[in-house]
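Trainee: For reference, the chains in residue letters:
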Amino acid sequence: MKFRKKLGGRVVVPVALGVAASVGGLALFSQGAVAATSTGSSSTSGANSVTYGGTSGAGSAPITNVKLNPATIALGKTLFVENCSSCHGDTASGTSRAPNLQGLGAATIDFWVSTGRMPLADPTVQATVKPSRFTKQQTLAIDAYVSSLASGGPKIPEVNLGSASISAGEGLFSTNCAACHTITGVGDALAGGVYAPSLYPATKTQVAEAIRTGPGNMPRFGPGNLSNQQVADIVKYVKYLQHPNNAGGIGLGHVGPVTEGFVGILIGLGSLMIAGYWIGGRAH
Amino acid sequence: MSGSTPELEQELDGEGLLKASERRFERAVGVSFALSFLATIGLGVVYWQGGQTQLEGALLFVALGGIGFGIVAWGKYLVPQGPYVQEREELRSTESEREAFVQSFERGNKLILRRSFLAKLLGASVGAFGVITLFPFIRSLGPQPKKMLYVTNWKKGSALVKSDGTKVHSTDLEVGGVLTVFPEGHAGGAISQSILIRPSFEDIVTKPGRETWGPQGYLAYSKVCTHAGCPVGLYQELTQQLLCPCHQSLFDVMTGANPVFGPAPRPLPQLPLEIDPQGYLRAQAGFDEPIGPGFWERA
Amino acid sequence: MNYKPIDWVDERLGTAKFTRKSLNKIFPDHWSFMLGEIAMYSFFILLATGVFLTLFFVPSSADTVYHGSYAPMDGHVVSQAYASTLNLSFSVRAGLVMRQMHHWAANVFIAAIVVHLLRVFFTGAFRKPREINWIVGSLLLMLAIFEGFLGYSLPDDLISGTGIRIAYSITLSIPIVGSYLASFLFGGQFPGNKIIPRFYTIHILLIPALMAGLLGAHLAIMWHQKHTQYKGKGKTEKNVVGIAMWPAYAMQAGGFFFLTASVLAALGGLVQINPIWLYGPYIPYKVSYAVQPDWYMGWLDGALRLFPSWEITGFGHMIPTVFFPAVLLPGVTFGLLMAWPWIERIFTKDTGAHNLLESPRENPWRTSIGVGVMAFYMVLFFASSTDVLANTFDVSLNFVLWAFRVLVFVIPPIAAYVAHKLAAEAGSVESAGRPRKAMVVFRSNEGEYTTEESDPRPELEFKRHAMHGDIAQSLPEESRLHGEATEKADDGEDYAFSVSSVADTPAEEIGERPSGGSGVYEVPRGAPGSGGGMFSPRGPVHSKEVSDSEDEE
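Which chain is which? The protein sequence lines are A, B and C, in order.
Each residue of the first sequence is one higher than the last, beginning at 5 in our numbering.
Each residue of the second sequence is one higher than the last, beginning at -10 in our numbering.
Each residue of the third sequence is one higher than the last, beginning at 17 in our numbering.
Isolated chain A, as found in the complex:
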């Protein structure tokens, strides 16, 4: 039960929930407005996905593994020692402050580093997505270095959506992912101060890496549970969710009835009450 204590530290005192709620409503609304600008685009855009060099035989396989260049191991070691070793140790074997990374596989390292979660800004809270400190090449070099220390663990997947089915992806997503990330992928708070993050900033590779490695509190979905084809299907649907079909208009942040209620009461009833004020006036 050691890990549970580690998570206990993240208690932020809310200033005033009431005030904050209305601000949050606005924030969500503006988020929705942004989403609305992409109304109707149902294509799965891969614009922000990282393209990796040295992929072995792209072909039509739904997932191919990225081949890491052994020549970059030296660079990776330098970067690791500079940025990671203070917690994870020079050989990534872990210290009292951070876990052993040996044998976790390149995909794990790549996920944490490429999403900007590592290095940690604040070791007491759940790692958050932020701009990565490293370039693609540097990230791959670190991946190469750490995975050279011990064998095992999943390799970095490159997802080919050519043969993926968005419809199969919906079925798998709603079965395996929606319970935490919500059915629209916005994410939500879990127990104990952690949360399931929004899937909107994730790249194809990062989604596949997360499925296979189960970062943090996320369960791990191995090949016996989800095949490579199924992972690609899910990735395709997640990419769709990043720009979903907002046929109905402004998306309201895709958090469902909470924002809808605020809009209905504040904007719907509110504007009608203003109209009523105009019509009925005040007492003489």
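Warning: the hint list may mix true and false statements.
Claimed, not checked - Stretch-level coverage of chain B by chain C, calculated; a stretch enters the list once three of its residues show a Cβ under 8 Å from a Cβ in chain C:
#1 92 to 102
#2 154 to 162
#3 236 to 248
#4 275 to 287
Said to hold, decoys possible - If you only want the chain C side, here are some residues facing chain A, beta carbon under 10 Å, derived:
#5 His46
#6 Trp47
#7 Glu53
#8 Asp90
#9 Arg109
#10 Ala110
#11 Tyr168
#12 Leu283
#13 Val287
#14 Gln288
#15 Pro291
#16 Trp293
#17 Ile299
#18 Val404
#19 Thr408
#20 Leu413
Simulated from the structure, these hints should not be mistaken for lab results.
Built from N, CA and C at the ideal position, the CB exists for glycine as well.
Please build the complex by placing chains B and C on the supplied structure of chain A, with the hints as guidance.
Mentor: Chains B and C in isolation, oriented as in the chain A frame:
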């Protein structure tokens, strides 16, 4: 008002004296109606072209809003507003009216109650009819619950299958994996749905008598929350907890899914597992208690 | 007069007699009296859009393979209810705008009912003789919430299906009859295939019919009892001061219907609500996080989250934990709500009839109870989004839950106390709520300045005169008002009503109807102390004067 009457002429006469402000309101009302008219034409065109939700909404807004604004402004600025006064009539009747009512009522009552036996018989037959006709409205709707709430489709030896009906092999889940499983032949069942988890083996604290229920570190619990029945599908791997997405009940996987937080009153029932010689997961038996939320008959 | 249709109808139904009375009915004018209208107009929109939806919706749980235009759902086995809702949204022309208007209208409908109820509560409009309408209105609110839940459930999508699952558990939790009720309602064990068609029948037939009937009764009683009014000059317990039904009120109310429809249409077309295509079909073992009901069920959902895990067992029986927040709480809520007029009477011992409204500050005691109770339900409402709040503000979910468990007991008394203080304080200020008296500065020819208090404010007077003042002033003195009030009114300049409205009223009927209630009379603005009976309708002499002057013109 139709036709040319002296009244109308008089009104027209009055309009000659309209103030500038009234002219302005007239213009605003006119513009409002005209805008509405144009929007309605636009709406027709949009429908004809196949429709587009946002355009429809915007044009409906202008079409209806134009009419509404126009009528209100007309009724508010171009029509006399009073204030006028109206007396309220006394709601209650006068004493004599009430007495008259009571007399008429009593007279009728007497006429009926003179034959009180017939009246009682009538009451009995109408009452009986009412009760009996209620019967199909209630009893035909569904079966009696009987043992329905106590049993699931899990039986001794039921193979665990995924939602697509394929059997679950002991190599399918990695440590830290999770899967929704069903008894063979009932894939997708709402009542029998269970959650199969493979936490790391060492940490499991089994309840007394459940030592053999989790072979190779596999644990299976009913996926139906004991609070309000939602699927407890949210597995926090690091903390080994199951969270119900509906009302945030939290169950500790490692200690027999005991509720540790939130409104759930009871642990999730655990399914005893075994691994058959081919390596497939099977149930040793069904659940040893009713799954899901509570009910009156349950002790 | 060539009114052939009127003659035709009148000779068969005799309508002219009583409809004329209605045309001249007076409605008090105040923005807060428009809240119920918003609800009523939303109800009309719900009926209209709802009829459209029934033409395309298929209320069936039977499986079908979806092959419509929404690609991510292609090939899925879904219920016909879900498939038809997708088709309605994507393939039926104007289908989506109608569906979303229907849903927005439901949200606004119940919000308007609640705000209307608050207005009636805080102004004491439920007091005798209006207790019956208070109960009718409460029933309407109950039915509306239930109706909303049913409608929300019909598309059979993942989120609403989870809601039905919870409803099943709640039904199950009722002592003694719970398991039977649940089995009868769902036609067996959850989920079965009967609940969607049954909800449909209840949603489109049973409850709308009940609501239409109750709404009719609500309006008829209001019409018969005449509307309440706020205190003010010339307003008494025995009169109604305001605008006439025909044409001013009819035009304003009719226009307001269109305005309501236009706002709902704008929301329906521009703001997405319940995008069931993103939620997917309901499949019992699937679930999405962040599952909230529509806002009006939020207080129940919040109560379910906050209520501790207490389950009572004994004597071989069990009262499940959900019974308390989901059955007992709403039962007590609506029970107390409907009983409120009598509960209040226990304390006030007030058995009199009231047509004049109280301002919230005039009754701090009632105001504070109302605010406290409102705060309680607001906390429950916000508690239904504990997860979303925790996520949005980056706070621990556990902390948020415990915070709400504390707040639900802490906030209501504080709110009630503050409301009592504020109301009592505002009530002690004589001029509270009234426009401040204007100070008018005069400059004499010699350049001396003098200040004078002017009540009412001169610019308000100016606005009225701009409309009708000149006409009113052109009248001969006798044709204005009558009785004491006229004498007290200083010089007649305050008469700001139009003469044409008097001309429209056949004078014979005003004076000679013995009941005296149906005529239209002018009230002199600013006639101080014009008490009950001041504008006696039975004074045939005065009425004659009006008619005489009209005839002369």
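Trainee: Quick one: which hint numbers does this structure break? Sort them smallest to largest.
Mentor: Result: hints 1, 2, 9, 10 break, sorted rising.
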